[in-house]
Amino acid sequence: MDWSILSQFLLSGVTTGCIYALVAIGFVLCANVSGVVNFAQGEFVVYGSLIAASLVAADAPTTLAVGAAVAAGAALGAAQERLSLHPARNAPHFILITITLGVSVLLRGLALIVWGMDPIGMPPFGGAAGSFELLGAVLPWQTLWVWGLTAVLLAGVFGFLGYTRAGRAVRACSVNPYAARLMGIDVAKMTIFVFATGGALGALGGAVIAPLALGLWSAGLDYGLKGFIGALLGGFRNPAYAVLGGLAIGILELLAAGYVSSGAKDAVVYALLLAYLLLRGGVLSFGRAALARA
Amino acid sequence: MSINAVRAALRGALSLGLGIALALAMATAAPAQTIKIGAICSLTGPAAAFGKPYCDGFEAYLKYWNSRGGTAGNKVEMLVLDDETNPVTAVNTFRRLADNKDVSAIWLGISSNSVLAIKPLASEAKIPIVASGAADAIGVPPDPFLFKVVPGAVDFMIALLEWAQKQGVQTMATINATDAYGQNEAARMKELAPKYGIKLVAQESFAVSDTNFTAQLVRIRGGKPDLVYSGATGGPAVLVFQQYKQLGLTAPIALSQAALNPAFFKAVGGLQAAEGILSPSNQGALGATVAGEAGKQFQLLVKWSTQPPMLFNTFGWDHGIVTEWAITNSDASRAGIRAALDRVKDIPGINGPFNYRPDHHVGQDARGLRMTVLVGGKFVLAEKLPGK
Numbered sequence: 238m239d240w241s242i243l244s245q246f247l248l249s250g251v252t253t254g255c256i257y258a259l260v261a262i263g264f265v266l267c268a269n270v271s272g273v274v275n276f277a278q279g280e281f282v283v284y285g286s287l288i289a290a291s292l293v294a295a296d297a298p299t300t301l302a303v304g305a306a307v308a309a310g311a312a313l314g315a316a317q318e319r320l321s322l323h324p325a326r327n328a329p330h331f332i333l334i335t336i337t338l339g340v341s342v343l344l345r346g347l348a349l350i351v352w353g354m355d356p357i358g359m360p361p362f363g364g365a366a367g368s369f370e371l372l373g374a375v376l377p378w379q380t381l382w383v384w385g386l387t388a389v390l391l392a393g394v395f396g397f398l399g400y401t402r403a404g405r406a407v408r409a410c411s412v413n414p415y416a417a418r419l420m421g422i423d424v425a426k427m428t429i430f431v432f433a434t435g436g437a438l439g440a441l442g443g444a445v446i447a448p449l450a451l452g453l454w455s456a457g458l459d460y461g462l463k464g465f466i467g468a469l470l471g472g473f474r475n476p477a478y479a480v481l482g483g484l485a486i487g488i489l490e491l492l493a494a495g496y497v498s499s500g501a502k503d504a505v506v507y508a509l510l511l512a513y514l515l516l517r518g519g520v521l522s523f524g525r526a527a528l529a530r531a
Numbered sequence: 112m113s114i115n116a117v118r119a120a121l122r123g124a125l126s127l128g129l130g131i132a133l134a135l136a137m138a139t140a141a142p143a144q145t146i147k148i149g150a151i152c153s154l155t156g157p158a159a160a161f162g163k164p165y166c167d168g169f170e171a172y173l174k175y176w177n178s179r180g181g182t183a184g185n186k187v188e189m190l191v192l193d194d195e196t197n198p199v200t201a202v203n204t205f206r207r208l209a210d211n212k213d214v215s216a217i218w219l220g221i222s223s224n225s226v227l228a229i230k231p232l233a234s235e236a237k238i239p240i241v242a243s244g245a246a247d248a249i250g251v252p253p254d255p256f257l258f259k260v261v262p263g264a265v266d267f268m269i270a271l272l273e274w275a276q277k278q279g280v281q282t283m284a285t286i287n288a289t290d291a292y293g294q295n296e297a298a299r300m301k302e303l304a305p306k307y308g309i310k311l312v313a314q315e316s317f318a319v320s321d322t323n324f325t326a327q328l329v330r331i332r333g334g335k336p337d338l339v340y341s342g343a344t345g346g347p348a349v350l351v352f353q354q355y356k357q358l359g360l361t362a363p364i365a366l367s368q369a370a371l372n373p374a375f376f377k378a379v380g381g382l383q384a385a386e387g388i389l390s391p392s393n394q395g396a397l398g399a400t401v402a403g404e405a406g407k408q409f410q411l412l413v414k415w416s417t418q419p420p421m422l423f424n425t426f427g428w429d430h431g432i433v434t435e436w437a438i439t440n441s442d443a444s445r446a447g448i449r450a451a452l453d454r455v456k457d458i459p460g461i462n463g464p465f466n467y468r469p470d471h472h473v474g475q476d477a478r479g480l481r482m483t484v485l486v487g488g489k490f491v492l493a494e495k496l497p498g499k
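Same order as they appear, the protein sequences are chains A and B.
Mapping of the first sequence onto the numbering used here: residues 238 to 531, in sequence order.
Mapping of the second sequence onto the numbering used here: residues 112 to 499, in sequence order.
These are computed hints drawn from the structure, not numbers from a lab.
Among the hints, erroneous ones may be present.
Stated by the list, open to error - One-sided excerpt, in silico: chain A residues whose CB lies under 7 Å from chain B: (1) 316; (2) 355; (3) 451; (4) 459.
To be verified - Quick list of the computed label-pair ranges, beta carbon to beta carbon: (5) 389(A) with 372(B): 35 to 41 Å; (6) 470(B) with 349(A): 37 to 43 Å; (7) 335(A) with 190(B): 46 to 52 Å; (8) 370(A) with 413(B): 34 to 40 Å; (9) 301(B) with 366(A): 33 to 39 Å.
The model shown is predicted, which means the values in this text are computed figures rather than measured ones.
Heads up, the beta-carbon is just placed ideally off N, CA and C, and yes, glycines get one too.
Construct the entire structure; sequences and hints are all you get.
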């Protein structure tokens, strides 16, 4: 067995998996606080990469471009909650979830109109073109940015949830929104906050992956679906498990394409997901554990 | 002589005179007749990028055609309508042209989707159509009234393999999307490669939404091919090419002609970043550097065109060549032109010779394709494998 090939697959898989992980966290946060699975999550990644790439193409500095992308992602997330979900807050959950699907289609269409069909490239952060070698794998320098920023961000999210008053409030909302409200927590505000966070996380993922994956209007569906599966693998409760789920999907994809067949890649990933869900006893039997402290 | 006889004689003379006058009028009207060709081009919308140059090619050919007196003294006229890059509009404009009894034939300079929307109506309208579009489904299965001009996907594979064989290539690898177009290419490649003595060491595929091609490219690298063909277009074309370089693959890589648009070069970081890539292309892209009749026709296009020539002008010009032949060799009626088109055999065009048979409605073939290589920001005829 050629170990350098295995490490190539694993390390490359982690890079894509990082983006799935950021999307998965967004899913878990929104779902636990508002009860809504936000299927527009993947579109935030697309907007992040398109905004960052087009700003850099217009000669803006990278930091500004990434900052603008993250801000736009947060604004989009908050706007989505305020404009599409809040007005329908008394509708059953499956209606709300359908609304998020509608929003994702709308956002995708808007991206097509604004940015067009052609993919937009972006130079690597800090102009660090070229690659480095790690455990026999060849990786572009941008990979380090993806890993690093994802790690910093995850640490931030976990620190926030675990060790701040506001984080505790978010967790309280996920345990019991009514009790949380009685304790003086503004659940509506918390809901906007988690949607904005989901948007910002996705957009940052998009901005940091843009030099490796381009900005493309249609990519949101894939990021959304893979992130969703990652969150599902993690039980949809615990952000840390969701991250592991996202990373696992990224790695699995590459292993399946590399060792089984590239044509059957998605089939392998989905078959494994099905097997996992069946073994766990079905999606509905996860129980009502609280949003974990991570 | 009675008055009645005089009247009868006068009446006779009058009717004779009228008859002669009528005959004279008809005789003088005949040379003033025009042959009308309807053209549907994408003049607005995304497909205008090629629809407009297509139309310029039509116009240039028309000028050249009329400069030689048209066909049998009849001038040729063109009625141009815009499909706005919309298949629905394409169908509506097609109906308008087909309903106009003065229109003898129709040229299409529109996207494959729009041509395919028109295809089911062709036999109903019974008007000969000479059509643009790269999709194989335009010509296969053949519709009796629809004649596709440019070579199909299989011809590009043949051109690639023929060239590779000539360069002594023994092993190749391919990477294609899992969509119908990609898998069609992959299947043709698998079927044809052994005929050219070439072994396929890897045939990889990917979903069009993929962004990470590490696994596929590592497998290709493991097979150590002499030449790699990427059938990817759009985003995947850029990413496959970038990750190919990142993973240190050094075999020459050929890309589908459809991938090489301005957006591709912008995304990979300019023309210089893509130096050395190969692409099987329609020889019209090489212009007057192609020897023989094709080069001569190209020079005529340059002479009669008001625009700087580009590939899609040459397709428009080729529509003209084959249509003029069919009109000259028929009674210029719709049915006559259609029947004549079915007899087209080795009529030379800029992008290679045309052949139509009732069971074969793809006009040009691999003979009109050339392997090109990007050198110093320009695609030129590839004489050898880059790096050899």
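Hints, verified against the model:
1. Taking 7 Å as the C-beta cut-off, the interface hint given for residue 316(A) is violated, the closest approach to chain B being about 26 Å.
2. The interface hint given for residue 355(A) holds, since its Cβ lies 3 Å from the closest Cβ of chain B, which is under the 7 Å cut-off.
3. Interface restraint check: residue 451(A) against chain B, minimum CB-CB distance 5 Å, threshold 7 Å, status holds.
4. Evaluation of the residue 459(A) hint against chain B yields a held restraint, the C-beta minimum of about 4 Å falling below 7 Å.
5. A hinted range of 35 to 41 Å holds for the C-beta pair residue 389(A) and residue 372(B), which are about 37 Å apart.
6. As the Cβ distance of residue 470(B) to residue 349(A) is approximately 40 Å, the hint placing it in 37 to 43 Å holds.
7. Roughly 48 Å separates the CB atoms of residue 335(A) and residue 190(B), a value that falls within the hinted 46 to 52 Å.
8. A hinted range of 34 to 40 Å for the beta carbons of residue 370(A) and residue 413(B) is inconsistent with their spacing of about 51 Å.
9. Range check, residue 301(B) to residue 366(A): Cβ separation about 36 Å, and the 33 to 39 Å hint holds.
Hints 1, 8 from the list above are not met by this structure, while the remaining hints are.
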